[in-house]
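Dock chain B against the given chain A, drawing on the hints supplied.
Number of protein chains: 2
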Amino acid sequence: MALKSFIHVHPDSHFPIQNLPYGAFKTHSTTLPRLGVAIGDYVLDLSEIAKSGLFNGLLLAGSDCFLQPTLNKFLAMGRPAWKEARDTLQKLLSSTEPALRDNMELRQKALVPMSEVEMVLPMEIGDYTDFFSSMHHAKNCGTIFVGPKNPIAPNWFRLPIAYHGRASSVVISGTDIIRPRGQGHPTGDSTPYFGPSLKLDFELEMATIVGPGNELGKTIDVNEAADHIFGVVLMNDWSGMTMFSCFTSSSSFLSNKISIAYLKETRFWQLEIFRHGNMFLLDPFLERVLVSTSVVIVGIYIFPPHLLGTTISPWIVTLDALQPFACDAPKQDPPPLPYLAEKISKNYDIALEVQIKPSGQKDSSVVTRSNLKNLYWTLTQQLAHHTINGCNLRPGDLLGTGTISGPEPDSLGCLLELTWNGQKALSLNGTTRKFLEDGDEVIFTGCCKGDGYNVGFGTCTGKVVPPRD
Amino acid sequence: MALKSFIHVHPDSHFPIQNLPYGAFKTHSTTLPRLGVAIGDYVLDLSEIAKSGLFNGLLLAGSDCFLQPTLNKFLAMGRPAWKEARDTLQKLLSSTEPALRDNMELRQKALVPMSEVEMVLPMEIGDYTDFFSSMHHAKNCGTIFVGPKNPIAPNWFRLPIAYHGRASSVVISGTDIIRPRGQGHPTGDSTPYFGPSLKLDFELEMATIVGPGNELGKTIDVNEAADHIFGVVLMNDWSGMTMFSCFTSSSSFLSNKISIAYLKETRFWQLEIFRHGNMFLLDPFLERVLVSTSVVIVGIYIFPPHLLGTTISPWIVTLDALQPFACDAPKQDPPPLPYLAEKISKNYDIALEVQIKPSGQKDSSVVTRSNLKNLYWTLTQQLAHHTINGCNLRPGDLLGTGTISGPEPDSLGCLLELTWNGQKALSLNGTTRKFLEDGDEVIFTGCCKGDGYNVGFGTCTGKVVPPRD
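Line by line, the protein sequences are chains A and B. Be aware that the first sequence starts at 1, since it is given in UniProt numbering, and climbs by one per residue. Be aware that the second sequence starts at 1, since it is given in UniProt numbering, and climbs by one per residue.
Bound conformation, chain A alone (with noise of 0.2 angstroms):
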């Protein structure tokens, strides 16, 4: 029979026993966060745990790891001490425990009500890098904007894809996204204006956040790249573009000849081109790439990737939680070089679905449900994959998944790819949207379903709102 904890858990709560996700949060009373592991509607401040000497296995007694303001620290000491810890916290948590169920004075201090937190980053990210590893969305994004046509370039399928992300604008679910503004470009020799971005979208993501990590100039194996990931979280890694007001859609650049070379990850580079001798101009801020049949790139930049933000959950679901969700990955074709060839190649069986609640609406409506098991480069093959040519991981790190869409119409995971590029509206009830709108609030769940239990990821969320002067 199921492990069962001494404190009430709803049924539907993402948080039982089985899950214990990791977070940081502050109360009223406290100024530095703590850190805490969600339990029903309760957080266990695992600072409480700490003094009180109930962790007081091998690696984590006396140690200070649960003291700090982030979990930099524990992430540090890798997966036997998450593992200690884990065995620690589930047996405490237990019906059948008594020390912390039966000392009220503990109760009374470590097991906050939810209602009475502000979580925050669960840790210092050094770097942030989003990977582009859902086949779907690559062949979505390359079927609108070059045509059906080789939607995916072969080298897709020969490494996991990714860029470089900035570590700064990283923020946690519930900040509000300030519509960003910059340079546009109306027509290719016109002067350039400045203005808010356009098309404002989401980007239905999770990311893996990095444990140990290796030295610069050594490199993880693939077959023990889950010996480095912590856990995961939701991310909504939004992206914008301007300067679109003056194409009417992207058939149209089509049938002038002209394509767009578009992939969510270029939405914020620029590109100089010259075409027919001419140099034809992009501004790096916010647009699509546009790149004519007769071209030649100059130069290409990226500045910054991040405008708008990147919002992750406040929850880390650990690795080991989620091993009961497991499921075999997508056979890989053509098969990947040996540095990315895995003995057991896994997914998780993650449901996420994406909500739009538009400013004054009461309800929101749910715009698309897909699934993490859509990726075909696993989350390992990605940290190894960022390692080979010795590039440093630290803990705390922070790796995208890039867009996750599924096959069906439903189950994209963006609105570029849900309304075809603005081809086609979507109907919230009652409203429609093609992109985002100032005051539209989005918010992504994520949740396994277990034998009588959920493992789950609570709620990522944010809210659109104009530029600040």
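Hints should not be assumed to be uniformly reliable.
Just so you know, same-sequence chains aren't split out, so a pair can sit in one copy or run between any two.
Said to hold, decoys possible - DSSO-like mimics (lysine-lysine), calculated; alpha carbons at most 30 angstroms apart, straight line:
| no. | residue 1 | residue 2 |
| --- | --- | --- |
| 1 | LYS26 | LYS73 |
| 2 | LYS109 | LYS83 |
| 3 | LYS463 | LYS449 |
| 4 | LYS463 | LYS218 |
| 5 | LYS373 | LYS149 |
| 6 | LYS149 | LYS83 |
| 7 | LYS357 | LYS434 |
In case anyone wonders, no lab produced these hints; they're calculated from the structure.
Just chain B now, kept in the frame of chain A:
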């Protein structure tokens, strides 16, 4: 008459009392790094000065900012605190001030011979961005890879272009640089191989260290940007590429009507290209971007931008120490948009030199001499532009200038330009180089010539070593 210190400083020294650059150091007796300023052949230990109460100004009296292992806390305090510290230290070190001069016990503790210290990174770098602000560098790269017609795209003159770097691989001067490996691609449709990167190169750059910074969603006015720049370091943004074995030279590309889309920033980028309807692959690792005149770009990725590492000099020369060497920035045409228009547009006259010391050779050879004043976009324009979309900068962020090339053939900032992409070899007493070989040590120096004194940066060095297993 010029300010003098009671400490003897050789006239050729980079570190007279007029400079006082900041760094972090370790000694055989210290465990945690300490903060110091350089004076002649000594490091003044700021923790000792702070502990003895000699920082007695309004802002620094009682502050623990100099008891930290990094400068981040001091950087966050801003220009008034930086000026107070400089005034206090110049007074303490002057020949006429007894407080330190005549306190032998404190001098014992606080003045550490440089020969006895190991310098370490002086700040935690939250994010690293690399600009591309030298017009001569842009023009040479464009000419090499696209041809003399329109070598620079017009939007290069509209805003300071940049790309996003990786913070984890920024290392201190003296750290070995390991030749990376990755997937290579000898021809368009063959199976990728795995191997070391070729055409290793240095990039002569400088970088600003950010002070207080800004909130996400807010911007920094270009005319206030200087208050967010603490100081400047020398920087070598190492780069390289694979894949070149299969091509004889860029001219052969051009003669084959294939142009190379290339700028320094693209060396680590990947393009997925389809040409004549067939996908043509490029590997994301270490190669230049190749585009035929009949291709459509379907995706562009950066991953990761730093394979080799980025080396910075240990001493941060403050903007205050550089003021005597300020000079007019070049006139900008077209005039930038209002958010980039500066009331006073300044560069700094900093002479830069690069030497290479091949393995086994006793002497190094000078390969180029350039100057920071060659920048088209100023340091303040770079910083202001970075925030215009609301991107938040944090204390300790690193903003690279990009390769700094001058107008003369012997003032070019990388081997790519100096050897015109390997078409002509450089002679280094007895041997020759087209690109860097294992064992080569690269040494940067930078110095401002004052009236009877220097304000210098010391050196920024690194040696190329083969891949590790």
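Practice task
Please write out, lowest number first, the hints stated earlier that are contradicted by the structure.
Solution key: The structure conflicts with hint 6 only, although it agrees with all the remaining ones.
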